[in-house]
Every structure is written in structure tokens, then in C-alpha cells.
Amino acid sequence: MTAMSASDSVPPPLVRFTDIVKRFGEKPPVIDGISLTAERGDFISLIGPSGCGKSTVLKLMSGLLPITSGEIVVDGMKPVDAREELFYVFQEPTLLPWLTVRANVELPLKIRGRLAAERAAVADKNLSLVGLTERADFYPRELSGGQKMRVSIARALSMSPELLLMDEPFGALDEMTRDHLNEELLAIRQQHAWTAFFVTHSVAEAVFLSNRIIVLSANPGRIHTEVKVDLPYPRTEETRLSAEYQRLVAEVSRLLRSVERLKNAA
Amino acid sequence: MKKSRIDKFLPVFSTASIIGLWYLVRAIMPEEQHFLLPAPHQILQAFHDKGPALWAAALNTGRGALLGFSSAVLLSFLLALFLSLSPRIRASFYPHLMVLQMTPIIILAPILILWVGAGLKSVVIITFLICFFPMVVNTTQGLVSTDANLVDFFRMCNASKRQEILWLRVPAALPYFFTGLRIAATLAPIGAIVGDLYAGNAAGGQGGLGFLTIVYSSQFQMGALFATALVSCALGFVFVGVVLVFSWLGLRKWHESYRKDA
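Protein chains in written order, with my numbering: chain A, 27 to 292; chain B, 192 to 453.
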């Protein structure tokens, strides 16, 4: 598999970063020269010490922040033009507290002027996907943290995105809930294998979810190493018990520690 | 927490004690000073004697307060929407708003009356001025305090500016709006009475509670003055009560402050 292939037989990558630099004002760059490609169906985790620009990478891909130099192409388009195809899952559930669960899930479609019947059908489907059909008429304040995040994911799926950008979506949850949601996320993805960029601090989560883990170094943010995860999908809680899973967790943890040391030495 | 039976009766006990103390003070006072502190039953008597006048004055003041209050709510909302559009706009207009707010309404009142004439018109304008600023400040604050992630979410959906304002910024500002509304509701009857103190005089049959106060104090009718004060107080409760009902209707389903277990 070659990322740079231009031959007709290989489809073009869904996402291509070419030498991305991002700086805020006159300060030294936060991200300095990141190039990578993502094929359709990739689940890529970005992991690294704080200050490595993980979240910034997602903001650049979604067009929420302008790029200083370099180019990002998503499905042949500039990020801002690709918004029909990509969606962002924020660290917080970012639900509108005055809307019911159902209305929150329908909102992206409503903003785009879709008809009520279509919106209702999509909301029904996605709420059942995240197991919250029973909670459709609740308000966010009546849900637990894990349930709110499920709604947020159901909402992100309402536009049937090809690319999902997830910024530590489970970072605020306890470990049990997080493991559970990781399994659910992969189960949901069985239906339609969207491509994912997933920012996390948790090595275990990154190994469990991804087929590629990109370890970033900090100050400035660069790609340090990429680790391929060849564990077969579908992955279940059994996967966590396998020797290969545990070997990978150890390897990525070791890489992360060496990156931390580099950062502290700098 | 369930209220115990004793808690329920506490206000009754305290009210009874205050009335008892009131009579006690009168008993100690020299007889010739009794007119300064009418006994509670004399105040009730004044309610009976001046009933129609008090009722008419309360209606007049209530009308002035309501007109001033509702125009302040409407216009302050529109101004807040405008101010929320950009920090530049806020920087240009906030200082003037502050200056107007800091100027005591008591001093502005005679100027206004000279401009527009005495009567309901000036009462409404004075009420409007006193209610307007807390409404503008609170609503603007609410409109610009929208969670940045929610704004990003709307941008991700390619929402138009109109959708962002109507579906995100305005509902998110509702709790702030109701806080402003509650402050304005306590100020509205005060504004109308202040206006009436100056402008009620020339209003013919349209005098309100402020005008009654002037009349009764010039005649040393202490019982009637106390009755007027109680009526003004009741008017304040009506205004705040109505606002609290609206606030409850708007927020009870979703806002944290109306959680049952909170």
C-alpha cells in the first residue's frame, strides 16, 4: 500500500496533509511540517504530550482554524468546502440544553434545511444505534455524561459523514464507561466504516480503536512515529486480553515516554 | 428537603411579633407623638377610607410602569442584539450607556418633564429609562457569552449568521435575559412612582401613587401614607411575580437552576 501512488487502480486518499505549518500570531509554530495521508476507512489516533497540537490538527482539518502554510485536501476539496462530508465531535458533548435529545440529533439536518420527515427518520436510526431511543424526549440535563456523549455521536452521524474528527470525546468519562463506549463506537462503525481522526491521551483507547496511531512530539508539533495496529476488526472486550494488544499498548506507551523526555529536555 | 410544620409558621410568628412590637413602641411613646406612628388598625382604617383613591392611583402607576417596562424590554432586546454583533459596536456605545445609567433618574426627571410635559408620557419615559439599562447589559452579556464550542458546532454545520443568532445565541442568552427582567421588574414600579412624584401633579385625574404620597404628606395623613407604601409594595410583588412565572415557563424544562433535585 503506497500512499503516494498516482496510478488509476488505487483510489486517491481521503485526506492529504502537505507540509502543514500552524502558528498563532508571531509565536513559534505549534505545528511545524506535518505531512500525512489517510485512506478511506482508516481509524487514525493522534497521541502525544500536551502542547503537541493534536487538537489543532483537527481544527485545521475542519476549517475552524486557518492554516499558516501547506495544504490540506479532504476528498479533493479545501476543508471548509468539505463540511458536508466531515463532522466534528468535541471534547464536551456540546448539546443545546434547551433542545430535547431528538431535536439535538436533528439539528445539523435542520440547519441544512432538511425536511421534518427525513430528520425524524435519521434521528430514530441514530438514536437506536447509540441505544438512546428511550431517551429521545429527555433534555440533556437529565442524562449522564456517557449518555450525553452518545447523543453527541448520534448527532455527528446525522449527516452520514465520510470523515469523523473526534477530539478526546471520552476524555471526561470514567474508565469503565470509556471502555464501553469504545466498543460501542466500533460496533456503530460496522454499519458504515467512516474514516476517523481521533485525538486521545489514552494509549489503551488508541490501540483498541485504531489501525494507525500517530505519535506526535511537542514544541513544535511534528510526527514522531507511526504505529500500525494490525489487530483484526471487529474488536471486542476479548481483544484487550490478547498478547498482541498488550504488546502494542506497551510499545506505544514507551514511545510516548520517550517523546515526553524529548519535550522536557528541550 | 421537606419543610417542617414549624418552618411553615415561622413567618406568621415573626409578623405577629412585629405587630406586637409596633403597639409596644406606641405605648411607650408620648401621646402627642402618636400621629407619627399610626397603629396597624389605623392603617387598615386608612385602606378602608382611601380605598377608591388608592386603587385608582395604583392602576395609574401600574399602567405607567407596565408601559415603561414593556417598551424597555422590547427596545433593550433589539439594542442588545445590535450590540452583540461586534466588540467594536460595544466599545462605541457602552460608555454612553454607562453615563446615562450613572445619572440619577431623580435629576433627569424634571428635565424630561420640561421636555415632554407632565402626565403619563413622562412617567412612562422615566420608567423606561430606569428599566432599560439592566436589561441591555444583561441581555448583551448573555448574547456574547455563548459557549465557543457551540459556536464552532454551528460553523461545522455551515449555519448562517441568522441561524446562529436565532437558534443558538438568543436561547443561550435567555437565563441572562430573565435576570435582567427580574431586576427591571423591581425597578419598574419605583420608576413609575418617581416619575409620578414629579409629573403626577399636573395629570388631572391621572395621578398615581407618587402623587398620592405628596398629597397625603402635605396633609399629615400618616395612616394613608403607610397604606400607600403597602400598595406600592404589592405592586412590586405583582411585577416580580409575573416575571418569575415567565422565567419558570421559559427555563423550567432545561435550565440547571430549575432542576428538581438541585
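Please keep in mind that the hints were generated in silico from the structure rather than gathered at the bench. If you're wondering where the values come from, they're calculated on a predicted model, not measured in any experiment. Glycine included, C-beta positions come from ideal geometry on N, C-alpha and C. Some hints could be false.
To be verified - Not the full set, but computed from the structure, chain B residues with beta-carbon under 10 Å of chain A:
id : residue
1  : Gln236
2  : Phe238
3  : Lys241
4  : Ser336
5  : Asp338
6  : Phe344
7  : Arg346
8  : Asn349
9  : Ser351
10 : Trp358
11 : Leu359
12 : Ala363
13 : Leu365
14 : Trp445
Unchecked claim - Covered stretches of chain A (chain B as the covering partner; in silico rule of three or more C-beta atoms under 8 Å from a C-beta of chain B):
id : region
15 : 125 to 137
16 : 162 to 174
To be verified - Calculated pairs, DSBU-like style, for lysine-lysine (alpha carbon to alpha carbon, straight line, at most 35 Å):
id : chain 1 : residue 1 : chain 2 : residue 2
17 : A       : Lys136    : B       : Lys444
18 : A       : Lys85     : B       : Lys352
19 : B       : Lys451    : A       : Lys151
20 : A       : Lys85     : A       : Lys254
21 : A       : Lys85     : B       : Lys444
22 : A       : Lys151    : B       : Lys199
23 : A       : Lys53     : B       : Lys444
24 : B       : Lys444    : B       : Lys199
25 : B       : Lys352    : A       : Lys104
26 : A       : Lys151    : A       : Lys85
27 : B       : Lys199    : A       : Lys104
28 : B       : Lys199    : A       : Lys136
29 : A       : Lys136    : A       : Lys53
30 : A       : Lys289    : A       : Lys53
31 : A       : Lys151    : B       : Lys352
Index of numbered hints that the structure contradicts, given in increasing order: Hints 1, 2, 3, 4, 22, 23, 27, 28 and 29 are the ones this structure does not satisfy, whereas the remaining hints hold.
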